[in-house]
Amino acid sequence: MPRYTVHVRGEWLAVPCRDAQLTIGWLGREAIRRYIKNKPDNGGFDSVDDVRFLMRRCKGLGLLDHEDPLEVALEDNEFVEVVIEGDAMSPDFIPSQPEGVYLYSKYREPEKYIALDGETLTTEDLVNLGKGRYKIKLTPAAEKKVQKSREVIDSIVKEKTVVYGITTGFGKFARTVIPVSKLEELQVNLVRSHSSGVGKPLIPERCRMLLALRINVLAKGYSGISLETLKQVIEVFNASCLPYVPEKGTVGASGDLAPLSHLALGLIGEGKMWSPKSGWADAKYVLEAHGLKPVVLKPKEGLALINGTQMITSLGCEAVERASAISRQADIVAALTLEVLKGTTKAFDTDIHAVRPHRGQIEVAFRFRSLLDSDHHPSEIAESHRFCDRVQDAYTLRCCPQVHGVVNDTIAFVKNIITTELNSATDNPMVFASRGETVSGGNFHGEYPAKALDYLAIGVHELASISERRIERLCNPSLSELPPFLVAEGGLNSGFMIAHCTAAALVLAIELLAACQGIEFLRPLRTTTPLEKVYDLVRSVVRPWIKDRFMAPDIEAAHRLLVEQKVWEVAAPYIEKYRMEHIPESRPVSPTAFSLEFLHKKSIKIPESEDL
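Using numbering that gives the first Met the number 0, you'd call the opening residue of the sequence shown number 0 and step up by one each time.
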């Protein structure tokens, strides 16, 4: 018999259907009838006939026609939502899907796997797991370590040894010994009581990262979780069943107890859970819809699931990868600005940076040379002012290697700490199978990733700050020799006047737009080939400003180019071509620097000389 799970005003109802020829409208009315029946006040309705409603799928929120037969419109056990007229405007309305659902309606189950061992996970790997590009499996070595660790816990329980969190209470109750008959109840109570976060749920990508990272930490074999339970957790991840984890509630000093407890709560079939198939629903229904069973916690397993820094670290991992992407593209945008402002490349001379050999500084200077000073793609703009009487450029241009460089080195430093944290055991107590014992400690403390991420924020802010100052030079005719605010008929048109103000709120995309607009006033002269490629990329989504127009969509379009690393992709082949031609001056650089591996992953072709 087909059955459907229907969302009505924040509640989920299982509605069986004996006749698949019945319609979508019938399903909606039957769900509302059951909802009214369960409410003391009938839900505010006298009868089903009083209710006007729409029906839509939870996956993708597609509207359903009331007259369509169920067997045609829906799959067995599909999740649907009743939207009662007027409810969507109510402050109490609870949608079945997270914000930005259109991003998840195209989700496709991945075919490839990443093997986790608790030792080798990278920031790139975790971000890709968050994006749903891979499923998870354990390495054979990890499975053995998990089994050995569990044997220690089983021995403690069998021998009734008093060990914190296994046979005792938690925190202030550490000296309270719990009877063996209640050890499983102890773990469930721990998860329930610590699920005290508040706020909106993590978006699916971030919850997926959180779950994947917790699996990786458990795979190290120092947590005492059973292999059976860990494999259940992996099955939940691979089905993209994601518990409701509120954004707020962690304090760091005790690790991420609250968010990780919410994560565990969904795994045991309590609280809310989301999947691309179901939308938000009671966790038990979502698991059942995917053929999964709730986890039944054994001694120590609740503690194993909630003790650690995985919330801070997974969000930090995303921040590091975003920072890496924006830092290397900031060099390209700044090079374009320097070209428009008719700057010189002398400040990027190899010898200058060799005598102050910070890795990030050397790499940024190298990128500027590769974009602006290559014999393969000379700039007509640079040639037009070769014999001008200007001695040097403003700090915001000639000091880019020093300012951008330290940001690169900051990112490298933070990435190193985050990568270590990705592959660290953060439980308490720790289970050491080689010693056959547990040891209490403080690896759950969040200070390492937290302080590193504070440092990252300071670094990335500098990219935005110096970008805003370069936009000022582009918009100021006394500094740029370009029309005021980069627009014709100034006064009638305001051009980039307010966009410059917005840039003060940290939007690098505006410099990209302003630099490309500056190019318009230097035509027919052309810049270097890689920067012309960047210009063409921007013009593929944003047309030049002839007169004022609604600017926000253009800023967002440029922002997407940076987020998706499109600017880097078009310029990177030329940077690497230059690098290979100047191997003696190009030394190994920081982890944030570009590598050939990136080219291969992105299938980017390094141009031959004749292509340049």
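Some hints could be false.
[Unchecked claim] Below, a list of computed lysine to aspartate or glutamate pairs in the DMTMM-like style, where the Cα atoms sit at most 25 Å apart:
#	residue 1	residue 2
1	565	281
2	341	374
3	38	281
4	157	184
5	157	183
6	247	10
If you are wondering where the hints come from, they were derived from the structure by calculation, not from laboratory data.
Task: Restraint check for residue 247 with residue 10, where alpha carbons must lie at most 25 Å apart - done: Since the Cα atoms of residue 247 and residue 10 sit roughly 24 Å apart, the hinted pair holds (cutoff 25 Å).
Task: Given hint residue 374 paired with residue 341 - CA-CA distance at most 25 Å - done: Holds, because 18 Å separates the two Cα atoms, which is no more than 25 Å.
Open item on the list: Check whether the Cα positions of residue 565 and residue 281 lie no farther apart than 25 Å.
Closed with: violated (40 Å)
TODO: Could you grab the alpha-carbon distance between residue 38 and residue 281 and see if it respects the 25 Å cut-off?
DONE: Roughly 18 Å separates the two Cα atoms, so the pair holds.
Open item on the list: For a C-alpha distance cap of 25 Å, please report whether residue 157 and residue 184 respect it.
Closed with: holds (17 Å)
Task: 25 Å Cα cutoff - pair residue 157, residue 183 - done: holds (14 Å)
In terms of the numbered hints stated before, the structure departs from hint 1 and from no other.
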